[in-house]
Every structure is written in structure tokens, then in C-alpha cells.
Amino acid sequence: MHASEKPIKVGLFVTCLVDMFRPSIGFATIKLLENAGCKVSVPEAQTCCGQPAFNSGDKKSTQDIARQTIQAFDGYEYVVGPSGSCIGMLHHYTELFDENDPWKARAEDLKSRAFEITSFLTDVLDFNTILSKYDAKATYHDSCAGLRELGVKQQPRKLLAKVANLTLSEMEESETCCGFGGTFCVKYPDISNRMVENKTSNIVDSGATTLLGGDLGCLLNMAGKLKRQGHKIETRHIVEVLAGMTDEPAIGDADYELGQPA
Amino acid sequence: MQITSPAFKENARIALHDAGLQKALGNLKEGFPVKRSTAVARMPEFEQLRDEGTALKNHILENLDIYLEQFEANVIKNGGHVHWCRTPEDACKKILDICKEVDAKTVTKGKSMVSEEINLNDYLEKNGVEPIETDLGEYILQLRGDHPSHIIAPAIHLNLEDVSEIFHEKHKRPKSSDPKVLMQEAREMLREKFAGADVGITGANFLVAETGSSIIVTNEGNGDLTQTLPKTHIVVTSIEKVVPTLEDMTLFLRLLARSATGQEFTVYNTLSTGPRRAGDQDGPENFHVVLVDNGRSEMVGSEFQEMLRCIRCSACMNHCPVYGAVGGHSYGWVYPGPMGSVLTPQMIGIEEAGLLPNASTFCGKCESVCPVRIPLPKLMRHWREDEFSKHLSPKAVRWGIGGWAFFAKRPTLYRLLSISSNLFLRVMAGKKGHIKKIPLAGGWTDGRDMPAPRGKTFMSQYKSRKQS
Ligand code: SF4
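Residue numbers (the numbering used here), protein chains in the order written: chain A, 24 to 285; chain B, 10 to 477.
Hints were generated in silico from the structure; no laboratory data involved. What you are looking at is a predicted structure, and each value in this text was computed from that prediction instead of being measured. All C-beta atoms in this analysis are idealised placements derived from N, C-alpha and C, irrespective of residue type, glycine included. Any given hint could turn out to be false.
Unchecked claim - Derived Cβ-Cβ restraints for the label pairs, each shown as a range:
# : chain 1 : residue 1 : chain 2 : residue 2 : range
1 : A       : K160      : B       : E174      : 42 to 50 Å
2 : B       : E174      : A       : D146      : 15 to 23 Å
3 : A       : S135      : B       : D60       : 45 to 53 Å
4 : A       : S135      : B       : M192      : 52 to 60 Å
5 : B       : F433      : A       : K32       : 45 to 53 Å
6 : B       : T96       : A       : G253      : 22 to 30 Å
7 : A       : G253      : B       : Y277      : 14 to 22 Å
Said to hold, decoys possible - Going by beta-carbon spacing under 10 Å, a handful of chain B positions derived as facing chain A:
#  : residue
8  : N72
9  : K102
10 : K103
11 : V226
12 : G230
13 : D233
14 : G271
15 : Q272
16 : E273
17 : W413
18 : F416
19 : A417
20 : G442
21 : R457
22 : S469
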């Protein structure tokens, strides 16, 4: 384990959705990492992980974006992001290059350093000094890539167990896809819509007042459906709760003056 | 069977609003996945079994020619015949020739997806031979002029009322909705057919190289009658079904039953090893194996080779949320669900089947339950790459991705793009926090709201915080 006097150098992978839709998730991630003794930087040269291109079969663009990301995060002990899906994509970079391509080794190296936030706090740092408080009965959606590609399942629950006043009420089929799927929800809206309907009905049945998850894409999808159906359930990213940054209105609930962001 | 894969989206839309189908799909969700997970929980070494099965299949595929030739040699030694058929047409023609040799009028059939793949029933009918499906599900479908929507439960898209309806119409008996009565009715109808059939056609779950045997597994026992009563037994199957030994076969039988229905073993496991020998009580006089290739040998050595490990258990579709929402017919050809989305483009062409490998969120559930660990999402992605490189993807997708990638490769421009999109969405939302309708994003906002961005982009906020 690292000696506390020498902070761990972490590069934050913001993810494009957090950048655009909900910066508070990025700031909450930084706060958690700093509490855990890390020195966090945000490399300027990052954009998106490249998943839209990867999953649309555009290998060439994916490779370009992968090289750019690998370079941007050179020199950091760890690369951490608030998304299993985007970090999972960073792991996929290894599949983009041939054995004898020097980028292959660099991609492998990035993979060994890249972690989803709850898994990093739990599996790498063994950090559990969560001091936040949140009055809610929450339910947790296991986003697919985090769950199946990175093995994120117990980590968020372990951390949530430390949050004062929060109880967890598991929904049925918490491991079933919400229907977001990146470009899927745009290409196959009817099917995506049915999948998210199944999801929200399980969320509602859980009796929870707050829906939590670790991937903003899925959260936007589920929050959008809950709103459309008129449910009062709040949707938040888990790091907001863990970092005690829940003053901000929940996803889709915002109420602010344009030009005066919170 | 008519191909409707190019109409996948339209098929899916109709399926989503078909109340009867949705009810039937609901039953599926409560059934197979639950049974599988119970069976897996009862068997602590299941994961190890999956590893062994995967490794063994890989070994077989590396030596496919050797095992197939060994299989052929043993079938011949037992007094049977093997016919190698490159295309569906070759296979249909061969089967018809065999039927003609024995002057067959009717053939009974056990359930066989390969016979669906080569469209055998239509071919036989057109050429004066009447095929009779003996698997209950397939029998119901045949009465309806319908096709399987699932590889092991072909009539899963139907409800009891549908069966009662068609039996009443075709059997001319009083209408009943008691499953026992309906089952009895089917038995009586089929019994005559069994006795009168000249040829029995079955598929094969596995072919055993060391003995020249084929095996089919069923829960109804119809396969036994199909292959023992008629004078001629034809096994129609595909080349990747071969396994080296009987013991290897049992490994796959254990994986198959648990992954498919959650049984420890399927009820009837019927091996056929050549024609009847002198002194045998029963069995066919002639034994033929029709080995279909239909694009499979092209997959060997390609990026799709892993797909040939498939043992047709159906776990991937049983667990697929897309299959669960739209059912098997939406996929528009013989093989539905994730395995179909990989196989269909190989067999009918990516030009026809391009929508299928795209119809996945890559949630990974299929891969996580596949007994032989086929990386189905990765293989579907390979098809998307193939499509993209051949310029077959829809223009909107190509331009969208191209335009987006242009920015994603240029961080400074990308910042500007996210700042302007962020601002645009915030203006759209006003004070509400979410947006009901966004131009050009109807796909999203038809069914759900779009949560609005909270404040300026992260990058902008981070910068100003650092400067202050
Ligand atoms: S791909 Fe795997 S899960 Fe699907 S049918 Fe084949 S063996 Fe079964």
C-alpha cells in the first residue's frame, strides 16, 4: 500500500457525458479520491473514450481516439473514472492493436492502471471512510459494462453501507440492461423504450425513493423515463451520495437560472 | 422460409404491440433463465465444465477435418452413408434423392434447426414428398404454416389459446383448452403418421467420431420413433457438431441440458449408430448422414471461428433483453437472438442481415451464460466493422460517427462542441430540468424525457475553479 505522505497520482477520466450533462459527478469523484489520499489531475487532451465509434464498427476512428487517450494519461499511476462503461472501453483498447504494434503494449499498460471509481476505492485503496449522510431508501442499478466487464457488484454496495441514514432496497433484475446501450437507444428507440419500461417498473416496485447507479448514460435513460411516467423517484450517481454532494437537484430535476450555474 | 431480416425494425415494432406474443414472452422470462440458474447453483463445478467444454470445442475446430473424416469412416464401417453438402440446395437435393430411391411418400421429422436452415420442408413438399413434424411444437407450427421462433422451444411465441384454436380447426374435433387433452389429440394424430412413414429425418445434437454415431436429445421421445420405425433414417446436420469420443459427448450433454432447460439431463438421449444389424430387434435398414456446410467452413480460421463452438442450447436468447422484448420472429430468419445475430449474416449475407448485429446493447448477458463462452458481443461487433468497412451502414450512422469522431480527435474543438451542445440543451430545458422534445432526437424523446445538463461543462467549471 502507498505511504500516506506520498499521494497517489490519479488522472481523472471525466467521460463525455459527465462533462456535458452533470459536472457534479466529476467533482464528487475528485473529492472522494482526494479524501482517499490521491492527488487528482484532469488531463486536458481527453475527450470521449471512443465507444460510439467502436460499437459502430469504425475501428480506424476508435484507434485514433485510443492513441490520444493513452497519451493523455501517460505518467499517471492510475486512471479513474465515474463510469464502468467508459473505463471498460479503455480496457478494450488492447483489442484494437496487433501484437507487434507498439501501441498494444501501451494499451495493456493503460488497462492495468484504469479503474472504475467504486472499484478503485474498494479493491485498490481499501478505502471505506465514507462520512456522508443521505436520507433515502435507495435502489441500485448494476450497469452492464461495470458489472460484466469489470466485476463491479459488491463495491458500490459496500461503500453505500457506510452512508448514514441510507437503506438499500434491491430491485428485481438489477443486473438487466436498462436499454440505453449508447447508440442503441437512438438506433432502436422502440426496443430501448420497452427495456427501460421494464426497468422503471422494477425500480418503482422496489419502493425506493432514490435510484442510484454508476453510469450516467444509464441514469439519464432511467431518469428520463421516470420523469416521463411522472414518478417522484430521484436519480443520482453513486459518487454524489458517497461524497455528500447531494445539494444539487437530482438528475432531470434541475431548477436553475441560465447563466448562473450552481 | 422467407427472409425478413431487413425489416427487423418494423418486425420489432409490431411485435412490441402484439399482446399475445408479449404474454408468451413473459412466460419465457419466468421459465428458462430461472431454471438454468437453479441448475447451475446445484453444480459447483459448472464453471469448470464450461472451461472444459470451451477448450474441447477449440481443439475440435482446430482438427475439424480429422474428426469429420474419422466420423465418416466409422459411419461407412457401420454400413451407413455420409453425404457432404456445401449448400442448402445440395443438401435438399440429396435428401430428396434418398427419398426417391425408396419411393417415399411421407417422411416423419424430428426437430432440426438445420432442416429449417436449408428450408427442407418446402423443398420436399414441392417435390411430392409430405414432411410431417413430430416434435409437438414443430407439429403445431406446421399446422399453422408457421416457423420456429426459438431454437429449442419452437412454438414459444404461442399461447394455449392459439394451440386450441388450430387443433380444433385442423383436427375437426371439439375445441378444448386442456393441455392434457390437446397433447392426447396430437399423439393420436401422429401415431398413424409414424406407422405409415417411409423415411424418418432427424437432426443431431452431436456426432461421435470414434463410433460414427449421432445423438439427438428430446423431452418427448418423438425422436426415437422417427428414427427407428421407418425403413430409412436420414440425419441432417452440420459439420461443427462432431466430437471425438462418447465421453466428450457426455460433457456437452451435461452443459447443454443445464444451459437450455435447467435439467440435469434431457429425458431422451437417443444414439444412432448405423443401420439395423443382423439380430437387432428394430432400427432402419438404411442410414444416411447429410452433412451441411453452408458457410461454416469459411468461418474456420476467420474472426468468427468461435461461433462454431455453439451447442445450440438457447441460453443466449433466453437471457437476452432484446429477444425478450421482440421475440424470435422479428429477427427474420431461422436463428434468432444473439447467436442468430452472429450466424445469420454469415448465412444469408451481411447486406440482408445488417440490422441484426446492430440490435444489441452489448450488455454482455449472453456471453455470461453461454456454456462454451462464445464472446457474442465481440462477434457482433466484428460484423459491424465488416459493415462499416464495406460502407453498408446507414448514411446517418456513418456521417454521425464520422462528424463526431472528427471532434473527438481534436480536444480543443471538442471542448467547443460540448460547450455549445451543453448550452443548447440548457436553453431547451429552461428551468424545468428536463426536455420533452428535442429536434432530431425523437428516438429518445418519444418515450422519455431528456434530463438537462446541470450548469456549464465540467471542463469549463474545472478551469474556472482552478483559476480562482
Ligand atoms: S451461442 Fe452459446 S448460449 Fe447461445 S445457443 Fe450457442 S452455445 Fe448456447
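Violated hints, by number in ascending order, as checked against the structure: The structure conflicts with hints 2, 3, 5, 6, 7, 8, 9, 10, 11, 12, 13, 14, 15 and 16, although it agrees with all the remaining ones.
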